[in-house]
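Visitor: Taken in order, these protein sequences are the chains called A and B.
Under our numbering, residues 1 to 812 are what the first sequence spells out, in order.
Under our numbering, residues 813 to 953 are what the second sequence spells out, in order.
There could be a bad hint or two in this list.
As the list claims (entries may be wrong) - Coverage of chain A stretches by chain B, computed from C-beta distances (three or more under 8 angstroms per stretch; other residues unrestricted): (1) 596 to 603; (2) 609 to 620.
Claimed, not checked - If the Cβ cut is set under 7 angstroms, some of the chain A residues that face chain B in the computed set are: (3) GLU255; (4) LEU256; (5) GLY560; (6) ILE564.
As the list claims (entries may be wrong) - Have a look at the derived ranges for each label pair, beta carbon to beta carbon: (7) GLN507(A) x TRP827(B): 50 to 60 angstroms; (8) ARG36(A) x PRO917(B): 48 to 58 angstroms; (9) SER693(A) x LYS893(B): 16 to 26 angstroms; (10) GLN863(B) x THR238(A): 31 to 41 angstroms; (11) GLN881(B) x ILE564(A): 19 to 29 angstroms; (12) GLN567(A) x ASP937(B): 50 to 60 angstroms; (13) VAL907(B) x TYR266(A): 53 to 63 angstroms; (14) GLY619(A) x PRO852(B): 55 to 65 angstroms; (15) GLN881(B) x ALA418(A): 55 to 65 angstroms; (16) GLU928(B) x ARG409(A): 12 to 22 angstroms; (17) ARG891(B) x GLY292(A): 41 to 51 angstroms.
Since the hints were made in silico from the structure, they are not lab data.
In this text the structure is predicted, and so the values were computed from the model without any measurement.
Here a beta-carbon is modelled for each residue, glycine too, at the ideal position from N, C-alpha and C.
What follows is each chain in one-letter form.
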Amino acid sequence: MEGMDEIVQEFLVESLENLDQLDRDLVALERDPGSRELLSSIFRTIHTIKGTSGFLAFNKLESVTHVGENLLSRLRDGERQMTPITTDVLLKMVDAVRSLLDSIENTGGEGDLDVQPVVEVITECLNNPDGEQQRVAGASAQDIKPVKEAKPASTKAAKPKTTKGAKASARQQQRQESAATVEPVQLEVSAVIPAQTTAQAAPDKAVEQVREEAPDKLADKQAGEGDQGPRRAVADSTIRVDVDLLDTLMRLVGELVLTRNQVVSYAAHLQDTTLIRSTQRLNLIASELQEGVMKTRMQPIDHLWAKLPRVVRDLAHSVGKQIELVMVGRDTELDRTLLEAIKDPLTHIVRNSCDHGIEAPQQRSEAGKPRTGTLTLRAYHQSGQVVIEVSDDGGGINTQKVSAKALERRLITQDQLARMSERDIVDLVFKPGFSTAETVSNISGRGVGMDVVRTNIEAIGGSVELDSTFGRGTTTRLTIPLTLAIVPALTVECRGERYAIPQVSMQELVFLDDGEPLDEEGRSSQEGSGKARVEYVGGAPVYRLRGKLLPLVYLDEVLGLPQIQRQGPAYLAVLQADDRKFGLVVDRVLNTEEIVVKSLGAQLKNIGLYAGATILGDGRVALILDVQALSRRSHTETLERLIAQETSAEVEAAAGRDNERLLVVAAGGHRVAIPLGMVTRLEEFAATAIERSGGREVTQYRGQIIPVMRLAEMLGSYSQTEADSWPVVVYSERGKTAAVVVDEILDIVEDAVRSRTSENLGAITGSAVIQDRVTELLDVRQAILAADPRFADFSDSDTVEGLDQVYEHEMR
Amino acid sequence: MTTTQYATFTLADQWYGLEVERVQEVLRAQLCTPVPSAPPAIAGLINLRGQVVTALDIRTVLGLPERAQGKDPMNVVVRVKGEAMAFLVDVIGGVIDVDDSSFEPPPDTLAGQRREFIRGSYKLDGRLLMALDVDRTADAQ
Numbered sequence: 001m002e003g004m005d006e007i008v009q010e011f012l013v014e015s016l017e018n019l020d021q022l023d024r025d026l027v028a029l030e031r032d033p034g035s036r037e038l039l040s041s042i043f044r045t046i047h048t049i050k051g052t053s054g055f056l057a058f059n060k061l062e063s064v065t066h067v068g069e070n071l072l073s074r075l076r077d078g079e080r081q082m083t084p085i086t087t088d089v090l091l092k093m094v095d096a097v098r099s100l101l102d103s104i105e106n107t108g109g110e111g112d113l114d115v116q117p118v119v120e121v122i123t124e125c126l127n128n129p130d131g132e133q134q135r136v137a138g139a140s141a142q143d144i145k146p147v148k149e150a151k152p153a154s155t156k157a158a159k160p161k162t163t164k165g166a167k168a169s170a171r172q173q174q175r176q177e178s179a180a181t182v183e184p185v186q187l188e189v190s191a192v193i194p195a196q197t198t199a200q201a202a203p204d205k206a207v208e209q210v211r212e213e214a215p216d217k218l219a220d221k222q223a224g225e226g227d228q229g230p231r232r233a234v235a236d237s238t239i240r241v242d243v244d245l246l247d248t249l250m251r252l253v254g255e256l257v258l259t260r261n262q263v264v265s266y267a268a269h270l271q272d273t274t275l276i277r278s279t280q281r282l283n284l285i286a287s288e289l290q291e292g293v294m295k296t297r298m299q300p301i302d303h304l305w306a307k308l309p310r311v312v313r314d315l316a317h318s319v320g321k322q323i324e325l326v327m328v329g330r331d332t333e334l335d336r337t338l339l340e341a342i343k344d345p346l347t348h349i350v351r352n353s354c355d356h357g358i359e360a361p362q363q364r365s366e367a368g369k370p371r372t373g374t375l376t377l378r379a380y381h382q383s384g385q386v387v388i389e390v391s392d393d394g395g396g397i398n399t400q401k402v403s404a405k406a407l408e409r410r411l412i413t414q415d416q417l418a419r420m421s422e423r424d425i426v427d428l429v430f431k432p433g434f435s436t437a438e439t440v441s442n443i444s445g446r447g448v449g450m451d452v453v454r455t456n457i458e459a460i461g462g463s464v465e466l467d468s469t470f471g472r473g474t475t476t477r478l479t480i481p482l483t484l485a486i487v488p489a490l491t492v493e494c495r496g497e498r499y500a501i502p503q504v505s506m507q508e509l510v511f512l513d514d515g516e517p518l519d520e521e522g523r524s525s526q527e528g529s530g531k532a533r534v535e536y537v538g539g540a541p542v543y544r545l546r547g548k549l550l551p552l553v554y555l556d557e558v559l560g561l562p563q564i565q566r567q568g569p570a571y572l573a574v575l576q577a578d579d580r581k582f583g584l585v586v587d588r589v590l591n592t593e594e595i596v597v598k599s600l601g602a603q604l605k606n607i608g609l610y611a612g613a614t615i616l617g618d619g620r621v622a623l624i625l626d627v628q629a630l631s632r633r634s635h636t637e638t639l640e641r642l643i644a645q646e647t648s649a650e651v652e653a654a655a656g657r658d659n660e661r662l663l664v665v666a667a668g669g670h671r672v673a674i675p676l677g678m679v680t681r682l683e684e685f686a687a688t689a690i691e692r693s694g695g696r697e698v699t700q701y702r703g704q705i706i707p708v709m710r711l712a713e714m715l716g717s718y719s720q721t722e723a724d725s726w727p728v729v730v731y732s733e734r735g736k737t738a739a740v741v742v743d744e745i746l747d748i749v750e751d752a753v754r755s756r757t758s759e760n761l762g763a764i765t766g767s768a769v770i771q772d773r774v775t776e777l778l779d780v781r782q783a784i785l786a787a788d789p790r791f792a793d794f795s796d797s798d799t800v801e802g803l804d805q806v807y808e809h810e811m812r
Numbered sequence: 813m814t815t816t817q818y819a820t821f822t823l824a825d826q827w828y829g830l831e832v833e834r835v836q837e838v839l840r841a842q843l844c845t846p847v848p849s850a851p852p853a854i855a856g857l858i859n860l861r862g863q864v865v866t867a868l869d870i871r872t873v874l875g876l877p878e879r880a881q882g883k884d885p886m887n888v889v890v891r892v893k894g895e896a897m898a899f900l901v902d903v904i905g906g907v908i909d910v911d912d913s914s915f916e917p918p919p920d921t922l923a924g925q926r927r928e929f930i931r932g933s934y935k936l937d938g939r940l941l942m943a944l945d946v947d948r949t950a951d952a953q
């Protein structure tokens, strides 16, 4: 069964289910011979099996169902009446079909079953419209044997019952026959696998029960009998479950998770070890249950993709293009609800690619590309999210046309345009109003309804990115959360109330020494104090995060709370929405917890600040912030432009001051300085946590296995110390992380470089005098690449460029 | 003579009621999480056995003066379009049967804003019971 084609599997599950229904329908039909509804239902089932078996080249199955269908169509059209004999014949046909299905299920083929006798019986019945009882009855009596032969490993249990097909069904009612009477049958049945054939031929539904009860005994028996282990029948290994039931389960698990959080937070205050141990178990079990239930809702993305080849083909055909569709990662799973939600946006993007992206064959060959365009769909998991990429090798987005269009539509001003990067311009296609019906034909780029795509994807907590190279193609990247119902979140406090921020959009947390922003003049007075502080650019608050200006949003302000004098320390949550980063200023950061997202009533949804609400560990309700909406509402976009404007001047000034912060570490007798901008995090790893795998050192970090490098060895020396734990510099780039072990973290210095030399020894880019000592300057990324060239795979050139820029400016 | 059952409560010493079949339950004052930027009538969100329920202050809806400090409101949880919603009121009264024939349109003395949310009134033993329009109230901004 393992190797069985998925289509065949589905066919079996569906057909077996339908057959059970068919049995009931046929019996009901006998009692109510005139029912067109029943006849149609039976006809449809047989017709479906016939069609599919023809398609799958199960010829015997096809021939049986074909004659059966003929008989049924006469009945349906009223050409003949239903008689007990007809019912008999039809039930026989159903039995034969079932035998064939069993054989397919167990051996993958129809086997050497002989269906000819059954076909003959049916044909005979067909040719005797008056239902000459004698002859048909006689024939059917003769036919018992062949039918039996048609079953593999026919059994004693089956033997006397076949003729009683009709009666057998009548007895279905008597399901609750005592287990005692079932017992003997059970043993016999268990002696024969496939059991289903037998079960079918056997007298009544009591056998059905056997199938449910038998597994243990079956297993025993089988184990004794040898190598052919029991297989779970297709119909038994999957069940159809009502989605509503799953939703209910999911909700209940959500409640359980909440209750668990409450118990855990309560138990944390107590000294009771028994309780603490129990809560730990509860914690584990609840997590596993949550995972399990979540899995039941997971479906491969192929469900969605399956219809795309047709869409692409039709579209390509209608516009005279040649497009090849490539799909990678079909079995990537995500939540059913999400699958449903991305259906339209995804189809839209694919249509866009075919329609506007990939060029006509003629145009392609002129551009030196193969005449057939390629559209690639790729799906994969990345750090708890699902990424779906739609890439084409078409014409790409013509930024000139896009900007011209945006100007014409007055979405941006000439002034703004001058300051926009290529990427910003590409992003204009997401602007509402950029695309209207008229622009579809006269703009060669994309953007038809892309704002709707973005809105829909963001509504489910995902994001859309667009990468395009003019002339080379476009990639649209959808990042979707795995599930909607339970998300990890950070709880923060603002004016005494708690809010949850989905971790997905969290980048990092920064402590602000002083929450009170300095006024514009105040900036110079505190120059060089080394305090993390808020500055103003063009009247808007910003924060200098590792040399880059980050627009700030005060949570209380954006929530519309009355203004108060800010004082004391505050925290900055660096958030990412769309492609934009901004800092959200909150009073306090509390903790991270798994929260269950509850939707809000319509009145609150319309406010456009909250993505939902949740119940925290102590039972209080907290609002979940809608990061995307916050970003939009706070006009970080405009702010960014202002910043970009100021930054050019800033950067020059900063370059003169050369005040990038450096992390100074010791490793193998060297003093090494690393630009803080290249340090994602500082950690301490236990020596035992560093393991060996494939000749390299690795460690487990936040659910990932990451490479570990020792800085001392990179510098060609050895660590002089043996320690239980090591300080580690963690470097991340596009979801890839590496750890660099150092001997000691010495200091973080600012503006302390007196003189430096430039030499290029790979990762060491020079040396400088820092705090009166000669210190080597390290490019962490180069060092990691030198030790592990594979680290560069998948990493995005943008990020690297960004880092290099910081670094260059730092080195000047 | 047909009668209707009303769950009654008071707001600023006035007597109000709503159809008893709309009421899911009545709760004491609950911890209420305020929702910044929400319409003024929305008092916040309460946790009703793991369900997040929007609480609406009926005083605000009807344009009555604010509840005095230290006086905790009661929650009347009603079903609106299949969802639970909490109405904050001052004091809960009993459930009474009112004679449909004593129903009258809202009294003329009722000010404009309030009129919108009152379906009418019942004259009972010299007292006036004002029938709240649950659906309109729930939609109040």
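Visitor: State for each hint whether it applies.
Guide: Hint check results:
1. Under a criterion of three residues with beta carbons nearer than 8 angstroms to beta carbons of chain B, the stated coverage of the stretch 596 to 603 of chain A is upheld, 4 such residues being counted.
2. A count of 7 residues in the stretch 609 to 620 of chain A with a Cβ less than 8 angstroms from any Cβ of chain B is obtained; the coverage claim is therefore met, three being the minimum.
3. Among the interface hints, the one on GLU255(A) holds; its C-beta lies about 5 angstroms from the nearest C-beta in chain B, closer than the 7 angstroms criterion.
4. Annotation: LEU256(A) was flagged as interfacial toward chain B, and the flag is violated, the nearest CB pair being 10 angstroms apart, outside 7 angstroms.
5. For GLY560(A), the suggested interface contact is upheld, since its CB lies about 4 angstroms from the closest CB of chain B, less than 7 angstroms.
6. Annotation: interface hint on ILE564(A) violated; nearest CB of chain B at approximately 13 angstroms, more than 7 angstroms.
7. Between GLN507(A) and TRP827(B) the beta carbons are some 56 angstroms apart, a value that agrees with the proposed interval 50 to 60 angstroms.
8. A beta carbon spacing of about 55 angstroms between ARG36(A) and PRO917(B) agrees with the range 48 to 58 angstroms that was offered as a hint.
9. A hinted range of 16 to 26 angstroms is violated for the C-beta pair SER693(A) and LYS893(B), which are about 57 angstroms apart.
10. Separation of GLN863(B) from THR238(A) is about 33 angstroms and conforms to the stated range, judged on CB atoms against 31 to 41 angstroms.
11. Taken as a hint, the range 19 to 29 angstroms holds for the pair GLN881(B) and ILE564(A), whose Cβ atoms sit roughly 21 angstroms apart.
12. A hinted range of 50 to 60 angstroms holds for the C-beta pair GLN567(A) and ASP937(B), which are about 59 angstroms apart.
13. At roughly 38 angstroms, the beta carbons of VAL907(B) and TYR266(A) sit outside the given window of 53 to 63 angstroms.
14. Checked against the given bound of 55 to 65 angstroms, the beta carbons of GLY619(A) and PRO852(B), roughly 26 angstroms apart, lie outside it.
15. The beta-carbon spacing between GLN881(B) and ALA418(A), approximately 57 angstroms, falls within the hinted interval of 55 to 65 angstroms.
16. A C-beta distance of roughly 42 angstroms is found between GLU928(B) and ARG409(A), which places it outside the suggested range of 12 to 22 angstroms.
17. In this structure the hint that ARG891(B) and GLY292(A) lie 41 to 51 angstroms apart at CB is violated, the actual value being about 33 angstroms.
The earlier numbered hints that this structure contradicts are 4, 6, 9, 13, 14, 16 and 17.
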